[in-house]
Amino acid sequence: MILPGSVKECVQALAEHGAAAKLVAGGTDLLPQLKNHLLKPGVVVDLSGVATLKKLTADKGLRIGAAVTARELERDGRLATGAYRGLAESGALVGSVQVRHLATVGGNICNAAPSADMIPPLLALDAEAVIAGPRGERRVPLRDFITGVRTTVLGADELLVELSVPDPGPHSGGAYLRHTPRRELDIAVVGVGSQVTLANGVCTKARIALAAVAPTPVHARAAERALEGQALTPQRIEEAAKLAVEAARPISDQRGSVEFRRHLVRVLTRRTLTTALARANGGQA
Amino acid sequence: MNVRKQAMTLTLNDELVEVLVKPYETLLDTLRETLGLTGPKEGCGTGDCGACTVHLDGKAVASCLVLALQARNRQVRTIEGLGTDDTLHPLQDAFVRHGVPQCGFCIPGVLMAAAALLAETPRPSDEEIRYGIAGNLCRCTGYTKMVTAIAEAAAAVPQGAR
Ligand SMILES: Cc1cc2nc3c(=O)[nH]c(=O)nc-3n(C[C@H](O)[C@H](O)[C@H](O)COP(=O)(O)OP(=O)(O)OC[C@H]3O[C@@H](n4cnc5c(N)ncnc54)[C@H](O)[C@@H]3O)c2cc1C
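Listed in order, the protein sequences are those of chains A and B.
Counting in my numbering, the first sequence runs from 1 upward without gaps.
Counting in my numbering, the second sequence runs from 1001 upward without gaps.
Do not rely on the hints blindly, as some may be mistaken.
For lysine to aspartate or glutamate, the following DMTMM-like pairs were computed, each having C-alpha atoms within a straight-line distance of at most 25 Å [to be verified]:
(1) B:1005 - A:9
(2) A:55 - B:1057
(3) A:40 - B:1025
(4) A:40 - B:1057
(5) B:1022 - A:16
(6) A:54 - A:137
(7) B:1059 - A:76
(8) B:1145 - A:184
(9) A:22 - A:137
(10) A:35 - B:1126
(11) A:35 - B:1048
(12) A:35 - B:1120
(13) B:1059 - A:74
(14) A:22 - B:1048
(15) A:55 - B:1120
(16) B:1059 - A:184
(17) A:40 - B:1029
(18) A:54 - B:1120
(19) B:1059 - A:186
Every beta carbon over 10 Å from chain B, so not counted as near; a handful from chain A, in silico [said to hold, decoys possible]:
(20) 15
(21) 38
(22) 46
(23) 56
(24) 82
(25) 135
(26) 180
(27) 219
(28) 271
(29) 281
Think of the hints as simulated: they come from the structure by calculation, not from any bench.
All of these numbers come straight from a predicted model, not from anything done at the bench.
Every residue, glycine too, gets a C-beta built ideally from N, C-alpha and C.
Build the full structure now, drawing on both the sequences and the hints.
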């Protein structure tokens, strides 16, 4: 096991060991995979000693280190209201407290499960992934980062270092909801993250991101466009919720049927938009 | 996989300990198999049951999901370090008085989760207590007494104590 103390040392270790190396952050996805022998890395590179990856700065937008934990999103006072509240809500839903203290944002994104909870709010916030590799840093919009079920644009010699969230501006609100039979320790049947920004009573920007209804998290673009430039009345929100269903390409599995998932997209889109709107208006909902 | 052991130090129940670990051994295995602390239990081994809960730098974690080397130079507390040989922690005392343990397998994990909860939220509501131990599975389903005992202990723990 390699124990780098900086991003640079990490990049060096990846360059040296190539595809044989596997990064571990919180280990909550990796350890079960190791134990089930789904994965046999030549060498594991531990990110827990890299302090810079654990920083969360809020100054005209957010810079979230890849190793910031779900628990930190849940409890950070700077995310407790308005635009970032949906992100905090997604962190609060991951696993149990024992898992949230370990589970990192970067691990959630790089594991790239269709049901990952912390991805929709970050997509809805137009986050950008900051990637480090042997040729320096590159930035990729999060919406282009995940390429399929458990696959990303990351090369074997690269790591995710940070999520960069642009300033959503005043009068912005966000919300995340998922449906699970059990509140804790369950996997989303459907998850929806919504963000809205208002100016003079009109919606200037709307983002709706869906989890667990396609191979990757997806934006409901038609629904977003239907809201922008409009006053967000309950009717418009309901229309957008209907449009959001069209972005979903769900499968039927033991957690839910296609019909049920489509229904959930509509309900959760309506609820998250309604809550995001209230928060954009300064409400504590 | 490389099986050469690596040396590390950690502070375990307030004592500095040096230990040799295999690269991909879990903290739970190190605690139980090498250091002889069998309070933390392996239930599921995948972070779902909470029986292996210990404190890492004061925070409740599933030790079956932590690689031992990730605990290098950090503070680990297990159930063995919650009270002392002479004095039970108020949570342990309340669990004994309320007869909470049935089979007992989940209890070390529940106590560590509850202790971490009280450190963060000294006077939790019943709902906060239930969420605080929602990551701990009790196959005997003895949750009601747990909640009562934790609430009672919360009233007895002085503010700021672990
Ligand atoms: C009991 C339990 C319950 C769970 N519940 C939920 C839930 O409710 N919702 C949810 O979304 N997830 C859940 N998960 C999954 C998991 O906890 C999350 O996906 C978590 O965020 C993963 O982060 P990690 O730091 O533990 O990742 P790790 O296991 O350390 O890594 C995951 C993957 O990402 C790679 N990786 C990690 N960091 C980086 C980086 N900086 N750059 C490049 N690659 C990287 C690793 O190589 C690995 O392939 C649960 C897991 C468990 C065990």
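Each hint, compared with the structure:
1. B:1005 - A:9: 21 Å, holds
2. A:55 - B:1057: 17 Å, holds
3. A:40 - B:1025: Satisfied, since the Cα-Cα distance of roughly 14 Å is no more than 25 Å.
4. A:40 - B:1057: 30 Å, violated
5. B:1022 - A:16: Measuring from Cα to Cα gives roughly 22 Å; hence the hint holds.
6. A:54 - A:137: Holds: residue 54 of chain A and residue 137 of chain A sit about 18 Å apart, inside 25 Å.
7. B:1059 - A:76: 15 Å, holds
8. B:1145 - A:184: Given pair residue 1145 of chain B, residue 184 of chain A holds - Cα atoms ~20 Å apart, limit 25 Å.
9. A:22 - A:137: 20 Å, holds
10. A:35 - B:1126: Between residue 35 of chain A and residue 1126 of chain B the Cα gap is close to 36 Å, so the pair fails against 25 Å, i.e. violated.
11. A:35 - B:1048: 14 Å, holds
12. A:35 - B:1120: Judged against 25 Å, a Cα distance of about 32 Å means the pair is violated.
13. B:1059 - A:74: 14 Å, holds
14. A:22 - B:1048: Cα-Cα ~23 Å, so holds.
15. A:55 - B:1120: 21 Å, holds
16. B:1059 - A:184: Holds: residue 1059 of chain B and residue 184 of chain A sit about 18 Å apart, inside 25 Å.
17. A:40 - B:1029: The hint holds at about 19 Å.
18. A:54 - B:1120: 20 Å, holds
19. B:1059 - A:186: 22 Å, holds
20. 15: 18 Å, holds
21. 38: 12 Å, holds
22. 46: 6 Å, violated
23. 56: Given a closest Cβ separation of 16 Å, the condition holds.
24. 82: 24 Å, holds
25. 135: Non-interface label on residue 135 of chain A holds, nearest chain B Cβ at 28 Å vs cutoff 10 Å.
26. 180: Answer for residue 180 of chain A: holds, closest chain B Cβ roughly 12 Å.
27. 219: 31 Å, holds
28. 271: 21 Å, holds
29. 281: With a cut-off of 10 Å, residue 281 of chain A remains clear of chain B, as the shortest Cβ separation is near 28 Å.
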